[in-house]
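Asks: Given the coordinates of chain A, assemble chain B onto it according to the supplied hints.
Going down the list, the sequences are from chains A and B.
Position in the first sequence counted from 1, then plus 143, gives you this note's numbering.
Position in the second sequence counted from 1, then plus 4, gives you this note's numbering.
Simulated from the structure, these hints should not be mistaken for laboratory data.
Among the hints, erroneous ones may be present.
[Claimed, not checked] Heads up, incomplete: computed chain A residues facing chain B, CB under 7 Å, no partners named:
| hint | residue |
| --- | --- |
| 1 | E213 |
| 2 | G215 |
| 3 | V244 |
| 4 | Q245 |
| 5 | G275 |
Note that the structure is predicted; figures quoted are calculated from it, not measured.
In this text, a Cβ means the ideal position worked out from N, Cα and C, and glycines have one as well.
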Amino acid sequence: MSEPQLTLYTNQTPNGIKISIALSLLSLPYKTHIISLDKHEQKSEWFTKINPNGRLPALTDHTADLNIMESGAILLYLASTYDKQHKISFEEGSKEHWEMVQWVLWQNAGLGPMQGQSNHFVRYAPEHIQYGIDRYINETRRLYSVLESQLQKQESKGGWVVGDHISIADITIFGWAVFAEWAGVELDEFPRVRSWRERMENIEKVEEGRNVPERSGLRDVMGDKEKMEEYAAGSRKWILEGMKRDAEKRA
Amino acid sequence: MAPTNLRPLTVYGTYFPSPNPPKVVFLLKLLGLPYNYVIKSLKDDPAVEDGIKHPNFTSINPNGRLPAITDPNQNNIHVWESGAILQYLTEVYDKDHRFSGKNLEERTLINEWLAFQISGQAPMSGQIMWFSHPQGHTAKYGAQAPDHILMRFKNEVDRIYGVLNTQLEKQKAKGSGWIVTDRMTIVDLAWAPWAGLMTVAPAPHPEFFDGFPEVKAWLARMDEVPAVKAAIAELKAPQ
Numbered sequence: 144m145s146e147p148q149l150t151l152y153t154n155q156t157p158n159g160i161k162i163s164i165a166l167s168l169l170s171l172p173y174k175t176h177i178i179s180l181d182k183h184e185q186k187s188e189w190f191t192k193i194n195p196n197g198r199l200p201a202l203t204d205h206t207a208d209l210n211i212m213e214s215g216a217i218l219l220y221l222a223s224t225y226d227k228q229h230k231i232s233f234e235e236g237s238k239e240h241w242e243m244v245q246w247v248l249w250q251n252a253g254l255g256p257m258q259g260q261s262n263h264f265v266r267y268a269p270e271h272i273q274y275g276i277d278r279y280i281n282e283t284r285r286l287y288s289v290l291e292s293q294l295q296k297q298e299s300k301g302g303w304v305v306g307d308h309i310s311i312a313d314i315t316i317f318g319w320a321v322f323a324e325w326a327g328v329e330l331d332e333f334p335r336v337r338s339w340r341e342r343m344e345n346i347e348k349v350e351e352g353r354n355v356p357e358r359s360g361l362r363d364v365m366g367d368k369e370k371m372e373e374y375a376a377g378s379r380k381w382i383l384e385g386m387k388r389d390a391e392k393r394a
Numbered sequence: 005m006a007p008t009n010l011r012p013l014t015v016y017g018t019y020f021p022s023p024n025p026p027k028v029v030f031l032l033k034l035l036g037l038p039y040n041y042v043i044k045s046l047k048d049d050p051a052v053e054d055g056i057k058h059p060n061f062t063s064i065n066p067n068g069r070l071p072a073i074t075d076p077n078q079n080n081i082h083v084w085e086s087g088a089i090l091q092y093l094t095e096v097y098d099k100d101h102r103f104s105g106k107n108l109e110e111r112t113l114i115n116e117w118l119a120f121q122i123s124g125q126a127p128m129s130g131q132i133m134w135f136s137h138p139q140g141h142t143a144k145y146g147a148q149a150p151d152h153i154l155m156r157f158k159n160e161v162d163r164i165y166g167v168l169n170t171q172l173e174k175q176k177a178k179g180s181g182w183i184v185t186d187r188m189t190i191v192d193l194a195w196a197p198w199a200g201l202m203t204v205a206p207a208p209h210p211e212f213f214d215g216f217p218e219v220k221a222w223l224a225r226m227d228e229v230p231a232v233k234a235a236i237a238e239l240k241a242p243q
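Next comes chain A alone, as it looks inside the complex (with noise of 0.2 Å):
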């Protein structure tokens, strides 16, 4: 097989980092194009002729010439493109195959979503809107639970999501659950869920992959309330003006 080329544009958030996560598992080369968020260069024109729905991350296959977007996607495409050795997915057709796309799809829909929601009423709203808070975190607890109940299930054949080894089931949960306190949700309820996430970050490559493109800075403050609240206030401005910008375009 030739080398792949491969352009990721990304940033330091929960699915770009699953992508990093998975091109390092895979040990596939690839190159890191970074999206600067704070100056929405995700809505750029160049990005959309990239990914039509200006979010991140993005995946460019140069050997296919190939723009590919949506973490679950990208995933299942390096699993199916890449991973003939099923280092991090399973035989296309298996009843493992089947349970991981489910599950990739569950995080896509449901935990990704709903954490985003609660990332926002916790984190950014302008105001603050107890119900807003209440009702994002308790779906997102909901999901943790099915998770939670998932690895009960799955602890005799090592505990992970999916069959007897990491997959990108694994991958695109972990990109979320490793920021699963920003949203305000503790794990202390969830053991299984936090083991498995400590397993996860045990991994050299996982480490690696999560540090694309730099290390995140929440990782120092978080537990900090304070020091919490000063990096959201960071982001909040650029995620209003973002959302400014999205309502006056069609006004």
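Replies: Structure of chain B alone, referenced to chain A:
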């Protein structure tokens, strides 16, 4: 051609217009596959025997949501998450790729727009409907949701349909009336039920797609697909 001598698949769902189960029924009809549709109760209580949180259903779908399927032709495999079910059914039963990708590029396009549907269109539409529908938040709490919440989700839903409209414009220029490729695929089947909900008064309003003319035209095309028409008629609750 659908293979003969197949045993009917079981589809766990609920009545129309609940938007995720119809995606699966559209495809089953298009592929000519036999199925039994089992109506589940949406009650959240794990003690309700035909409910989605009862252990006899969470053993099929641990997430306790609809739809899910059981396929007796493939060792009784259970598949849940509507996007995964569409992928599964095409992988196993759409060997001619009538509704799925013929090659890597098409498969990738389909996966992208399917992922965008499940992670963007569906959850964000779900939020705006809950907050703006009179039987949603307002009925439960006796007051309208705060403006910031309404604005946030309205913005996001508008943004998403703007992206879809642009995609359909690009497709039109290539001579296709469908979201990706040159034919109707599982992507159209996944987007249509959620889009249809936006036009059902009062959530959010019947003229919603006037600002998105290509989406409006595409939705009208979808409504004319015989399998779509038949599925919707079949899934309506008895009066």
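Asks: Work down the list of hints and note, for each, if the structure agrees.
Replies: Hints versus structure:
1. E213: 4 Å, holds
2. G215: 4 Å, holds
3. V244: 5 Å, holds
4. Q245: Holds, about 4 Å.
5. G275: 6 Å, holds
The structure agrees with every numbered hint stated previously.
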